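Undergrad: Work the whole structure out from these sequences, hints included.
Sequential numbering of the sequence shown, starting at 11, is according to the working numbering.
It is possible that part of the hints are untrue.
Computed spacing ranges between beta-carbons, pair by pair [to be verified]: (1) Gly21 - Asp85: 33 to 41 angstroms; (2) Glu16 - Val72: 36 to 44 angstroms; (3) Glu20 - Cys69: 13 to 21 angstroms; (4) Ser50 - Ile81: 33 to 41 angstroms; (5) Leu87 - Asp25: 27 to 35 angstroms; (6) Trp22 - Ser84: 16 to 24 angstroms; (7) Leu76 - Asp25: 18 to 26 angstroms; (8) Thr39 - Cys69: 15 to 23 angstroms; (9) Ser84 - Gly21: 12 to 20 angstroms; (10) Tyr86 - Cys58: 19 to 27 angstroms.
Okay, derived cross-link-like pairs now, DSS-like style, lysine-lysine, Cα gap no bigger than 27 angstroms in a straight line [stated by the list, open to error]: (11) Lys28 - Lys73; (12) Lys80 - Lys28; (13) Lys14 - Lys28; (14) Lys14 - Lys80; (15) Lys14 - Lys73.
Simulated from the structure, these hints should not be mistaken for lab results. A quick note: this is a predicted structure, and the numbers were derived from the prediction, not measured. Cβ coordinates follow ideal geometry from the N, Cα and C atoms, glycine included.
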Amino acid sequence: GCIKTECLHEGWQTDSSKKVVRLAFALYTDRAASVYDYGSQGEQLGECRHYSVAEIMCCEYVKYFLEAVKIRYSDYL
11 GCIKTECLHE
21 GWQTDSSKKV
31 VRLAFALYTD
41 RAASVYDYGS
51 QGEQLGECRH
61 YSVAEIMCCE
71 YVKYFLEAVK
81 IRYSDYL
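TA: What follows is the structure in structure tokens.
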């Protein structure tokens, strides 16, 4: 399926909701899906950093994020 990365640029998105979306993108596509929304390499690198484990997991939703990872990779547990 096709994901719509432009949702990350909507005004209603909070820092926490962007983390939820980026984790969902990463679990679904196995890549930093929104990186190519940016033209310059510097902007792409900046967006790529938002997909780091520390960047995504360091928030109040971490226990839910870990459950999502367990579901996605249940074959390996």
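Undergrad: Are the hints correct? Go through all of them and say.
TA: A quick look at each hint next to the structure:
no. : hint                              : in the structure
1   : Gly21 - Asp85: 33 to 41 angstroms : holds, 38 angstroms
2   : Glu16 - Val72: 36 to 44 angstroms : violated, 26 angstroms
3   : Glu20 - Cys69: 13 to 21 angstroms : holds, 19 angstroms
4   : Ser50 - Ile81: 33 to 41 angstroms : holds, 35 angstroms
5   : Leu87 - Asp25: 27 to 35 angstroms : holds, 30 angstroms
6   : Trp22 - Ser84: 16 to 24 angstroms : violated, 32 angstroms
7   : Leu76 - Asp25: 18 to 26 angstroms : holds, 19 angstroms
8   : Thr39 - Cys69: 15 to 23 angstroms : holds, 21 angstroms
9   : Ser84 - Gly21: 12 to 20 angstroms : violated, 36 angstroms
10  : Tyr86 - Cys58: 19 to 27 angstroms : holds, 24 angstroms
11  : Lys28 - Lys73                     : holds, 16 angstroms
12  : Lys80 - Lys28                     : holds, 20 angstroms
13  : Lys14 - Lys28                     : holds, 13 angstroms
14  : Lys14 - Lys80                     : holds, 24 angstroms
15  : Lys14 - Lys73                     : holds, 26 angstroms
The structure does not agree with the numbered hints 2, 6, 9 stated previously, though it agrees with the rest.
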